[in-house]
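Each protein sequence line maps, in turn, to chains A and B. First residue of the first sequence: 696, per our numbering; consecutive thereafter. First residue of the second sequence: 696, per our numbering; consecutive thereafter.
To be clear, the hints were calculated from the coordinates, so they are not data collected in a lab. Some clues are possibly wrong.
Straight-line distance between alpha carbons at most 30 Å, and here's what the computed DSS-like set of lysine-lysine pairs gives [unchecked claim]: (1) A/Lys733 x B/Lys810; (2) A/Lys757 x A/Lys810; (3) B/Lys810 x A/Lys853; (4) A/Lys795 x B/Lys853; (5) A/Lys795 x A/Lys810.
Here are some of the chain B residues that sit facing chain A, going by a computed Cβ distance under 10 Å [as the list claims (entries may be wrong)]: (6) Leu856; (7) Glu858; (8) Leu875; (9) Leu890; (10) Arg896.
Every value quoted in this text rests on a predicted model; they were computed, and no experiment measured them. Backbone N, C-alpha and C fix where the C-beta goes; we use that ideal spot for every residue, glycine too.
There are 2 protein chains.
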Amino acid sequence: MNTAPPPSPQIRGPSDHEVRSQIVDAATEYFGLYGYEKTTVSDLAKAIGFSKAYIYKFFDSKQAIGEVICANRLSTIMAAVDAAVGTTNSAPEQLRRMFKTVVEAGSELFFNDRKLWDIATTSASEMWPSARAYDEHLRTLVAQIVRHGRDAGDFERKTPLDETANAIYLVMRPYVNPLLLQHNLDGALEATPQLASLILRSLAP
Amino acid sequence: MNTAPPPSPQIRGPSDHEVRSQIVDAATEYFGLYGYEKTTVSDLAKAIGFSKAYIYKFFDSKQAIGEVICANRLSTIMAAVDAAVGTTNSAPEQLRRMFKTVVEAGSELFFNDRKLWDIATTSASEMWPSARAYDEHLRTLVAQIVRHGRDAGDFERKTPLDETANAIYLVMRPYVNPLLLQHNLDGALEATPQLASLILRSLAP
């Protein structure tokens, strides 16, 4: 007694995955034009021609959409940072490039995607999972570079590794966290190489 | 032909100086209760029982009053910082105490005089003369401590003094500038000793 396979909704229309990306793409554009904080899911639904109920089938809330946009953007930044660090094997140079790339990516977002900036500040002040993951990724990267520099004999080994890595991250944080960076952009491009040099002096064996 | 001395207005009523302090005291209390940004000179005049015109005889604008309040508060903080630094002759310890006192004073203002906090953030974002003078005072103090530590053989002398002092100030700034400090208060008391230790490692001869 063969039964026909249950109808697959994927075949009849776009997959859930596709609809989700469609909503995220449209929302990125919409928030990019009108800002995240000031718009509602209703505004968004109207603008992209979906019903509000249909959007809620895929996302619990406006924040859930914002969170995906934020995670996408932060993934791009993390990939750029990892790539910049990967271009050299020298730990001191890796720290310099990491710092530089993070600041450049933040400034780029602030100056060229200003309307998306409020997603960044909201995610940072509410500690969204994507913001926390970004923070964690950068902290781990700092620790890896410090460990690598110690192994290569470039950095001192007396201070506990955790303490060193954490303090370095604290120096970088005002240029990483968007809530702080927005008050730090004036002069950030001159400040960060000086801070990187101070960090490297603190790491001298 | 003796003429009588011109009548002295000081004798007839309160001196300009007294009226100015009276207005500043009343405004400090008033802004402390209702905030600086949201109140006007009219509100203030009504509350302290002077006419608006009378207040304008002594101050050009609300900002001019705010500026005196801000300068008074920053003078108190600078005196506290100078006193903390003066309690030791060891340059490394002076840097630690400077950092600690600045952060404590900022936190105190934020948590205990929250309504005056918006004068602090406004003065920092608009770079009022008092905010600039405070910044300058702290920068000069850092340079003095670094010079003293170099003379005493506690600190390295290879890096140009200006570069060293400036980079140290950049590390401190997120905990000094109220625009940054308000996003940094969580964990500031743990972060600042770690940053001070990193600074001291960077200064090792």
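Results for each hint:
{"no.": "1", "hint": "A/Lys733 x B/Lys810", "result": "holds (26 Å)"}
{"no.": "2", "hint": "A/Lys757 x A/Lys810", "result": "holds (16 Å)"}
{"no.": "3", "hint": "B/Lys810 x A/Lys853", "result": "violated (45 Å)"}
{"no.": "4", "hint": "A/Lys795 x B/Lys853", "result": "holds (24 Å)"}
{"no.": "5", "hint": "A/Lys795 x A/Lys810", "result": "holds (23 Å)"}
{"no.": "6", "hint": "Leu856", "result": "violated (13 Å)"}
{"no.": "7", "hint": "Glu858", "result": "holds (7 Å)"}
{"no.": "8", "hint": "Leu875", "result": "holds (5 Å)"}
{"no.": "9", "hint": "Leu890", "result": "holds (6 Å)"}
{"no.": "10", "hint": "Arg896", "result": "holds (4 Å)"}
In summary, the numbered hints that this structure violates are 3 and 6.
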